[in-house]
Amino acid sequence: MIQLRRTLLLAGVGGLAAAAGYAAHLFRIGGFGGASSTALGRKILESRVTGLDGIPTSLTAYRGRILVVNYWATWCAPCREEIPMFVRLQREYSAKNVQFVGISIDQIDKVREFAKELNVDYPLVIGGMDAMDLSREAGNKAGVLPYTLVMDPLDRIVTHLVGGISEERMRTTLKPLLK
Amino acid sequence: MIFRWLFVALLMFGGIAQAAEPELLEPEKAFAFSARVLGPDAVEVRYVIAKGYYLYRDKFRFTMEPASASQGEPRLPAGKIKKDEFFGEVAVFRDEVRITVPVAPGGHDGRIVLTAVSQGCADVGVCYVPVEQKAELRLPAGKGGGAPVAGVPGRLGEDALIAQLFHGEAWLLIVSFFGFGLLLSFTPCVLPMVPILSGIIVGRGHQMTRMHGLLLSAAYVLGMAITYAMAGVAAGMSGALLSAALQNPWVLGAFAMVFVVLALSMFGFYELQLPSALQSKLAGASGQMHSGHFFGVFVMGMLSALIIGPCVAAPLAGALLYISQSGDGLLGGTALFAMALGMGVPLLAVGASAGALIPKAGPWMESVKRFFGVLLLAVAIYLVSPVIPMAMQMMAWAALLILTGIYLRAIDPLPQGARGFARISKGVGIIALVAGMAYVIGALSGSRDVLQPLSGLRGVSPGGNPAAPAVAFQRVGSVAELDAAVAAAKGKTVMLDFYADWCVSCKEMERYTFTDPAVQSRLAGMVKLQADVTTGSVEHQALLKRFRLFGPPGIIFFDSAGNEIQGLRVIGFQSADKFSAVLDQALGQR
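Going down the list, the sequences are from chains A and B.
Under the numbering used here, the first sequence has 92 at position 92, and the numbering climbs by one with no breaks.
Under the numbering used here, the second sequence has 436 at position 436, and the numbering climbs by one with no breaks.
The following block holds chain A by itself, in its conformation from the complex (with noise of 0.2 Å):
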């Protein structure tokens, strides 16, 4: 009996070690630093990306506004899903000084066609792998897409989204960098 008791606290005992060190570094890798964020905020809006018109360009003219990033492509379905809910939003919240802009990590001439095709009025830019990598050092650690950034006027990353957005998601994370 003694023998199963010290059994188990050991096995207890060695449980809650590995889960408080798990959450240790969790606790160390997760959570933007102030500084930090904004230091990469200005890497994301300063990097080379390409226009839609072939020129190399970067994000710098939309600095001062609420920024919604999207990485998307036009091969990602669950991308294509999310754009329609991007230009209705971004029709609604313009005069709220808030800006869509979507980088794509695809082709220039499926982009402008897919852009056609669904009246995408805010800006897209064509980004290559170090777009990606950029969005990874952000905390898209697997490197998947649809992923956006939500950045406020100061250049700071508010938060980051994996994955699909629904309109509701996007509203509730807005709402809070409105005046």
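Careful: at least some of the hints might be erroneous.
[Said to hold, decoys possible] Cβ-Cβ distance ranges computed for the label pairs, FRET-style:
#1 A78(B) <-> E168(A): 33 to 43 Å
#2 D123(B) <-> R169(A): 15 to 25 Å
#3 D109(B) <-> D130(A): 47 to 57 Å
#4 R98(B) <-> Q107(A): 27 to 37 Å
#5 S238(B) <-> D109(A): 39 to 49 Å
I should point out that these hints are in silico values taken from the structure, not numbers from a laboratory.
No residue lacks a Cβ here, since even glycine has one placed at the ideal position from N, Cα and C.
Fit chain B to the known structure of chain A by using the hints.
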């Protein structure tokens, strides 16, 4: 008071909400790629697809180098139809897919590099960018080619590399486990039982030949080994599931603590074993089996493996934990099978020789038990060594060696007329003691090299000959410097080496691999950058973070356009041959 509870509840809810974010696998794990040769004219590509993930059938692209080796269309299975809101009906693969890629038999010189591009998504509603993977394959010459030659995956992520390390040492591991099994059978709760057990197995009162006795013992050992093998497979597979969690320092630390706890039990601080109620139940069940019959004895063996005595429990738990680190079910099963066979050797010896071949039980068996304690402590240090400072690691080894030396009576006087065993034991003890002291002195004198603990006393930089560094690296200290250097290297392949004074495998690379002429000739055409992150400044952290590295070692290649060559990282020591092959691939990316 209520507010405080509310606050705690809110915090917890926040934690849960955070955790609800889908836990996504890295693409290499979601879609595990491998390739093998089917014959002189075909290669098989295989993807093992994790549950909840799928690959698109029409997104595969295969190319070969040399291009003359490609011939005809790859043969893909039909796949399952998935209805998609946007793409209509698309064919996808789940669980596993094998694709046969034809090869032109005359279009190559026996070696081809196959590049496979795949693209897939997860059911939770995310997609992965197309993944490019390469395999270097050796094809049998001509049509008469016999057995297919196993392909060597050319491009390996770091996880795959670690798995490969385990494979390279698979034989060593299996032989060691056999040895440990043999040693375990010499612990005080096993060896004295062997003659009794043998009597039970063979059954008394039967007229029996030695051959028959040996075969019955073998059946018993085989039964025992199969149970162990199953435990090994389970450990390996659970490790594969947990492998992401196993790679972080806190979990490694917790594992090391468990090993320490197990080790202490081997020193007799307390006993770990299965609850006695369970033990007697199992003993009863195995007692009901008929002795003298092969099948009955076989089942007896299987059941008896579950009765884990106090000497075996801790090392067995240690072995299983170690195996779970490898994340390989097959290796785990084989290793544990070998261990059980080792444990069965004395039983076979008794069966075959009627007891003449077995060493006498005695107090020496306690030493065997303690040996396992030392071994478990060594594994604990080994586990945490990548994540603790080198000085701390050296001190840990020092403590282990010195304490072992003391236990071996290194400083106790030998009694008059001591026997050979006592003298040998003292000798080993003194070696351990001196080695331990060397580590203490080394650690205190600033050496950070486990291979050469006293190198710090030589008055030169640890790592040997300062006059002739093997490779003339250009130093980079920050992300900006790196970017500038990579940009300046336009048109050349760039190698970036993360280095630190306390990084053992960096030093090994420097000493054994970079000095190799074959490696040097390949490096000559590259721009070689080195980031010395010994001091771990903020810039260094940023640099490491950019490549998602915990710390050195890590060698990263950039193609001539200045982009990282994905999947070609070298983490940990590589021999000159292997590293040359990696360099060839890096140079081939131009």
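So which of those numbered hints doesn't the model satisfy? Violated: hint 3 alone.
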